[in-house]
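Enquirer: Protein chains in written order, with my numbering: chain Z, 115 to 228; chain W, 12 to 123.
For the record, the hints were derived by calculation from the structure and aren't laboratory data.
Nothing here was measured: the structure is a model prediction, and the numbers come from that model.
The beta-carbon is built from N, C-alpha and C at its ideal position, and this holds for glycine as well.
Nothing false has been slipped in among the hints.
Not everything, but these chain Z residues come out facing chain W in the computed CB check (under 7 Å): (1) P158; (2) S214; (3) T215; (4) F218; (5) K220; (6) G221.
Listed below are several chain W residues computed to face chain Z (Cβ distance under 8 Å; list not exhaustive): (7) G53; (8) F56; (9) E59; (10) A108; (11) D109; (12) F114; (13) G115; (14) D116; (15) G117.
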Amino acid sequence: GENVEQHPSTLSVQEGDSAVIKCTYSDSASNYFPWYKQELGKRPQLIIDIRSNVGEKKDQRIAVTLNKTAKHFSLHITETQPEDSAVYFCAASMVNSGYSTLTFGKGTMLLVSP
Amino acid sequence: KAGVTQTPRYLIKTRGQQVTLSCSPISGHRSVSWYQQTPGQGLQFLFEYFSETQRNKGNFPGRFSGRQFSNSRSEMNVSTLELGDSALYLCASSEEADQPQHFGDGTRLSIL
Numbered sequence: 115g116e117n118v119e120q121h122p123s124t125l126s127v128q129e130g131d132s133a134v135i136k137c138t139y140s141d142s143a144s145n146y147f148p149w150y151k152q153e154l155g156k157r158p159q160l161i162i163d164i165r166s167n168v169g170e171k172k173d174q175r176i177a178v179t180l181n182k183t184a185k186h187f188s189l190h191i192t193e194t195q196p197e198d199s200a201v202y203f204c205a206a207s208m209v210n211s212g213y214s215t216l217t218f219g220k221g222t223m224l225l226v227s228p
Numbered sequence: 012k013a014g015v016t017q018t019p020r021y022l023i024k025t026r027g028q029q030v031t032l033s034c035s036p037i038s039g040h041r042s043v044s045w046y047q048q049t050p051g052q053g054l055q056f057l058f059e060y061f062s063e064t065q066r067n068k069g070n071f072p073g074r075f076s077g078r079q080f081s082n083s084r085s086e087m088n089v090s091t092l093e094l095g096d097s098a099l100y101l102c103a104s105s106e107e108a109d110q111p112q113h114f115g116d117g118t119r120l121s122i123l
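Produce the complete structure using the sequences and hints provided.
Expert: Below, the structure is given as structure tokens:
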């Protein structure tokens, strides 16, 4: 089955700095890669996703890049703010025969200091 | 649209008991997936339902089961509870299998 590795497990940055979280996946058939943000005691919220036919996607301060050959994808947050502090999860999925299963990384705790 | 609704939010049970958790998906969403979240294992896939049919199942024992009703609401059941079943159980829904999944707030299950 699919295996997703996520690094680093914790990341501390100063407000205004950039943050990068990296994930690798094992199944070359995976073709959908979402990122979720989970604040303490709250539900995971989808913040951005990318499909395998695209190499990069941006949404304001957030961007995701995908390297299918190397089987890794990354989340980039620019101009970080204290409210970006949360646990971020990457996931990989293969849509096959009409269903998909998300395999998650173990998460990255991002701490943004004012 | 209302988001994914899970009930109850908190449950305390003892070993050997069984429990049923409920999930109401976003209106119009037909796919419902269940995940177990623990500090040690992270988010792990339990199963996925679409139009009342289980289409995929994760690597969990048979004590974990689920079903989906004609209105897309889903329930999961855990029988013969063990201490290790203590976790946050999350439900996510999507319009179709290849569409983004949106999570509910989860049910926090504690086993004493």
